[in-house]
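J.: Residues per chain, in single letters:
Protein chains: 2
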Amino acid sequence: MSDKKEPLKTPIRDLGKYVLTDRISTRFTSSNEATLQGIGDDASVACFHEALTVSAQKMSLEGVDFDLSYFPLKFIGYKTAVHAMGQVMAMNAVPVQLLVCTGVSQRFFLEDLDELFVGIEAAARLYGADVTAVDIQSSYTGLSLAVTAVGEGNAGLMTRRGGASDTDLICLSGSVGAAYMGLHLLQREKRIFNGETGKDRLPDLKGHEYILEQYLKPGLPGVLLENLRKDDIIPTSMCLLTNGLSHGILSIAKASGTGAKIYVNKIPIARECFEYAEANNNEPSPLVAALNGGDDFQMLLTLPLANYESLSKEYSLDIIGHICDASDGCTLITPDGKSIPLESPGM
Amino acid sequence: MSDKKEPLKTPIRDLGKYVLTDRISTRFTSSNEATLQGIGDDASVACFHEALTVSAQKMSLEGVDFDLSYFPLKFIGYKTAVHAMGQVMAMNAVPVQLLVCTGVSQRFFLEDLDELFVGIEAAARLYGADVTAVDIQSSYTGLSLAVTAVGEGNAGLMTRRGGASDTDLICLSGSVGAAYMGLHLLQREKRIFNGETGKDRLPDLKGHEYILEQYLKPGLPGVLLENLRKDDIIPTSMCLLTNGLSHGILSIAKASGTGAKIYVNKIPIARECFEYAEANNNEPSPLVAALNGGDDFQMLLTLPLANYESLSKEYSLDIIGHICDASDGCTLITPDGKSIPLESPGM
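If you're matching them up, the sequences are chains A and B in order. Each number in our numbering corresponds to the 1-based position in the first sequence with 77 added. Each number in our numbering corresponds to the 1-based position in the second sequence with 77 added.
In short, the hints are calculated from the structure, not lab data. Worth double-checking, as some hints may not be accurate.
Note that identical chains are pooled: a pair holds if it fits in a single copy or bridges any two copies.
Listed below are the simulated DSBU-like cross-link pairs for lysine-lysine, each with C-alpha atoms no more than 30 Å apart in a straight line [what the hints assert, rightly or not]:
#, residue 1, residue 2
1, K94, K151
2, K390, K151
3, K294, K94
4, K267, K94
5, K267, K331
6, K343, K86
7, K331, K94
8, K94, K338
9, K415, K390
10, K415, K283
11, K390, K94
12, K338, K415
13, K390, K343
14, K86, K338
15, K86, K390
Can you make the complete structure from the sequences, with help from the hints?
T.: If you want it as structure tokens, here you go:
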């Protein structure tokens, strides 16, 4: 909701592709020992002693993954990088390098491009990855950003989606639903800003910092995963939640050839989600936001039942249900014991 | 120049993201032993015994990298994949996996999407890579495609841009300039198709197959590089030509801290380039197309002078000049012995 036309900014059309790329590239120096070649050559090079290379790519497009009227460029860079790194972490691997391609239109300013890369830099630093490739090109349409994370894995620790078995505990690395609430708030306030609704007041995001942060600047449970590895606890399956809890559960069950039971009253939903919905005529439902909202960036993982004792005490993990036989399907158990089939569009 | 509205096609808006992704994914099965995890999980996993992971990403955007009115979708997929793999090959590494993200608008048909992936499949098969990730999302603007190539490298064979030294021979894996001629022809015929020029005739691409193929469906010198490796010939530097010969020479010289001398009459330019220009009032100049046209996808490489004898006999390489001291700069030597500084925008 900010005015982009500031007079002191530098239009990128005044600079060439290579000048821009060189300028942005000076921001990044590699610090991982594994990075043998960073920015400045045809490709990035890494040497992984643990022998497995784990790679994932995320593309973010204007109007689909973000709305520039309320999504600051810094957070677009940050979140896209975090998404790619989270996918690598979901294999129980460690992100080491980030490769970045972006297409920007001529209406952009150099300072806007800097903001985008400030966010990428922040994400890379937070999770210990080097930015090893930067390619900036022009775009005739909207802003596009593609980030690839390349990480190091270990064959003995690898967690695939298809590894869950009957009786495994289903766990979450943190609460879900708040990211969708944040998006809902931003869309509501945009309509007010545009004069479509609420003509008697101005857009106001105050007091909603938590849900906004979960949507714009989500974190990854890198420390939790590291602690589990240190204690030789290897999830039987794992996936990054980017399309809601239901989609994650159904993905793991489908890949593992199992069913799953999730208990409604065990799903961690932040207090702020209920507060936001309550002040908004109970819209959206916090449970629906948790199940189908998406963008939570939590890890959904399964662990053998034998880990039950240590899990509930020593790790910041929520146990929300358990894997069951495929014939029982994937269901949500309500507090009064009813079974509802879990659903997600297209699954 | 084709009419996209065919009645029997399936609009992609009738299918969900996951149905589409599943459908496209069935096209790809992994065949490299190194690929431990392909499509279907959070990330791709590879095990490289040679210990180095070499990665590169290319993003292609509608209106910038391709014009849908004359660039068939199949070739967009093919060329983007080839670009990413070529960057990996330019480090003297071998591409093993391709990760694909694409954003398509609702006006697309399932058959269009299939075409895009037919091209990616063809490129992957031709150069021996597995497609290990497919992500399809909607786009509100144009078509976007990002492909990451992940390959296996060997520390002893790695060729960086910065490794050239004084007296090294400068070589090309094949002829340059034709890709730009192909683009020029397509743009000219598009103007005729649109009625902007040449109202007395219809668009005609016949007889120009060679220059069109160089632009739409360029090849990579994978076999040449493999033969050099087999014979223990390791280039001192190498880069993929995607922005013209001048840009490549200047990149290697800059990274190596050297100068370079290129002989005009040694630059391999295909007969078809001269034929096209001649029939077109000598526009564009074949030499300018070679130097600044871009998109040739040849390898530019340097080799020690000691390799001179074997090079000219056994490999399909053209020696076009040599590296010199930085103080001599980067120059083009004309047939009559004049020196012209090599230039490329932004370098």
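J.: Determine for every hint whether it applies to the structure shown.
T.: Hint check results:
no. : hint          : verdict
1   : K94 <-> K151  : both (20 Å within a copy, 27 Å between copies)
2   : K390 <-> K151 : neither (37 Å within a copy, 55 Å between copies)
3   : K294 <-> K94  : both (29 Å within a copy, 25 Å between copies)
4   : K267 <-> K94  : between (33 Å within a copy, 27 Å between copies)
5   : K267 <-> K331 : neither (38 Å within a copy, 48 Å between copies)
6   : K343 <-> K86  : neither (50 Å within a copy, 46 Å between copies)
7   : K331 <-> K94  : between (45 Å within a copy, 17 Å between copies)
8   : K94 <-> K338  : between (53 Å within a copy, 25 Å between copies)
9   : K415 <-> K390 : within (29 Å within a copy, 79 Å between copies)
10  : K415 <-> K283 : neither (38 Å within a copy, 69 Å between copies)
11  : K390 <-> K94  : neither (53 Å within a copy, 39 Å between copies)
12  : K338 <-> K415 : within (11 Å within a copy, 79 Å between copies)
13  : K390 <-> K343 : within (16 Å within a copy, 73 Å between copies)
14  : K86 <-> K338  : neither (54 Å within a copy, 40 Å between copies)
15  : K86 <-> K390  : neither (53 Å within a copy, 56 Å between copies)
Hints 2, 5, 6, 10, 11, 14 and 15, counting from the list given before, are not met by this structure.
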